[in-house]
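Engineer: So you can see what is in the structure, the chains are spelled out below.
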Amino acid sequence: MVPHINFKSGVPVYLQIVQQVKAAAAGGTLRPGDPLPSVRSLAEELRINRNTAARAYSELEAEGVIETRQGAGCYLKANGVSPLRRTVRSDRLAEELDAVIVQAHHLQVGDDELLELLRERLREFRERLAQRQRVEAAPH
Amino acid sequence: MSPVIDLRELTHRYGRTEALHGLSLTVEPGCCYGFFGRNGAGKTTAIKCLLNLLRPASGSVSVFGMDPARHEAAVKSRLAYVPDFVAFYPWMNVREALDYQSSFRVRWNRDTEAMLLSRFGLDVRQPVSGLSKGQRTQLALIGAISAEPELLVLDEPTSGLDPLVRREFIQTVIGAYQEADPGRRTVFVSTHLITEFEGLIDRFTVLEQGRAVLTAGADEARSKFRRLRAVFEGDAPSGAEFRGAKSFRRDGRTLELVVNGDGDRVMEQLRSCGPRTVETESLTLEEIFLTSVRGGGNAS
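So the sequences go chain by chain: A and B. The numbers in my numbering rise by one with no breaks, and the one at position 55 of the first sequence is 55. The numbers in my numbering rise by one with no breaks, and the one at position 246 of the second sequence is 1246.
No lab work stands behind these hints, which were simulated from the structure alone. Here the structure is a predicted model, which is why all the values come from computation and not from measurement. Check before you lean on any hint, since a few could be wrong.
As the list claims (entries may be wrong) - Output of the computed footprint for chain A on chain B, the stretches with three or more beta carbons under 8 Å from beta carbons of chain A: (1) 1022-1028; (2) 1171-1179; (3) 1222-1229; (4) 1275-1285.
Cβ coordinates follow ideal geometry from the N, Cα and C atoms, glycine included.
Work the whole structure out from these sequences, hints included.
Structural biologist: This is the structure:
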C-alpha cells in the first residue's frame, strides 16, 4: 500500500500518510501483520523527504497503528487496538470532524446532508470490509 | 542544536547594483532548505558569501556557528558545494576526477560512490571532456555526496537537465545523502525549478531583488496560501472588493482569489455574494513562489 500525496490539499505531507494508512487499515486494504514500505522506499516512491516519511511512521507507531520489528521493517499492528485513552481518542476525532464541518460549510453542504453523507460512508466501509471477508472465506 | 547556516542582514552590491539587501535566514540541522528566486534575484551572491568566495558589504555569515572568513578550512571540510556550472580537469576520466576530489577529503564513502555511479550509468573509464552537461552534474553530485558532508549546498543543480531525468535524479541524490544520518544531514538548495523539489523541501525562502520576500515551512505555506474559485449565476463581482485577497482573476462568471492565511474571512465574504459554487485548494510551492515574486493584485 503506497499512499498518494496531494500537495494541493493543504494537509501536511506526513499527516496525509498517517491518514491514508489509517484509512487503509479501517477499510481492510491493509490487514494486521501486513508489511509497510520502508522509510527509504516510501520517500523515494512519493518523492518526499526521508524525514517526512520517518515522521509519519513514528506518528503511526505512537498511535499504535503500526509496529517496527527490529531489522525487519514496519507492519500493521495486530488487532489495531488504540493505546490512547478514550478522551484523547475522541479529542483527535473531534479535530478531524471540525475540519470536515468547515469544509462542508465552504462547499455549502447543509447539516442534514452532511449527516446523511457520514451515514453513507459508514455503510460503504462496512460493505467493503464484509466484501473482503467474503472473498477470503471463498474457496480458491 | 545551533543552526547550520545563519545569515544576518546580508547586504552586497556590485558597483551600483544592489545584489543583496538585508537578507537574513536560518537553516536548522537535518533540514532540506529551498532558496527560491528568479535568475538574478541574488541567490548565487548569497551562496558565495556563505562559502567565503565573496565578502558581504555588511551583515554577518555563520556556518556551523563559525565565520567562514576566519575559519575557512574548518567550515569547508564539513560542507560540499555543487555550483550550477561544474569544471573538471579535461584530461581526467571519471575515476581520476573522483579520486582527485577524494584526495581533499577526510571521509569518502566508496559504497555510496559505487551505488550512484551504477545508478546514473556512468562509466569510470570515460574521459570527463566527453560528458554531457547532465553527466557532469551527476559526477559533481557523486563527488559531493561521497564525501559525506554535514551540509550540501546546491546551486541550481538541475537547470539544463532533461526534465524527465531531473526529478528521479534529485530524489536519488538527496535520498542517498540523507541515508546515513538524516537528523544531521542538511541540504541548502537554490533553484528556480521548484516543482521537482516540492516533496523534499522542509522550509524555504523566496528571494526577490536581493530581499527575502517570504520565509516559511513548506506545509505551513501550503495550508496558508489557498486559491478560492467561485462561479456565479451572472457576472462575477470585481475581485478588488475582497480585502485580504492577494491576487485575483475574473473571467465572466468565474472569480479566482488567492489568499494568504486569510482564507476563512475572504471565503465568508465570497459566500455572501451568493455564488453557485465555491471551491478551494492549496497552492503548490511553485505557485506560492510565483505569487510572492509577482507581488500583490494583478487586476483584471
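Engineer: All hints, please: hold or fail.
Structural biologist: Taking the hints in turn, this is what the structure says about them:
Evaluation of the coverage hint for the stretch 1022-1028 of chain B: breached, as 0 residues show C-beta separations to chain A shorter than 8 Å, against a requirement of three. Using a Cβ-Cβ cut-off of 8 Å, 6 residues of the stretch 1171-1179 of chain B lie near chain A, which meets the minimum of three, so the contact claim holds. Figure legend: the stretch 1222-1229 of chain B, annotated as covered by chain A; annotation consistent (3 residues with Cβ-Cβ distances under 8 Å, at least 3 required). Three residues within the 8 Å Cβ limit are the bar, and the stretch 1275-1285 of chain B against chain A gives 9, so the coverage statement holds.
When held up to the earlier numbered hints, the structure conflicts with hint 1 and nothing else.
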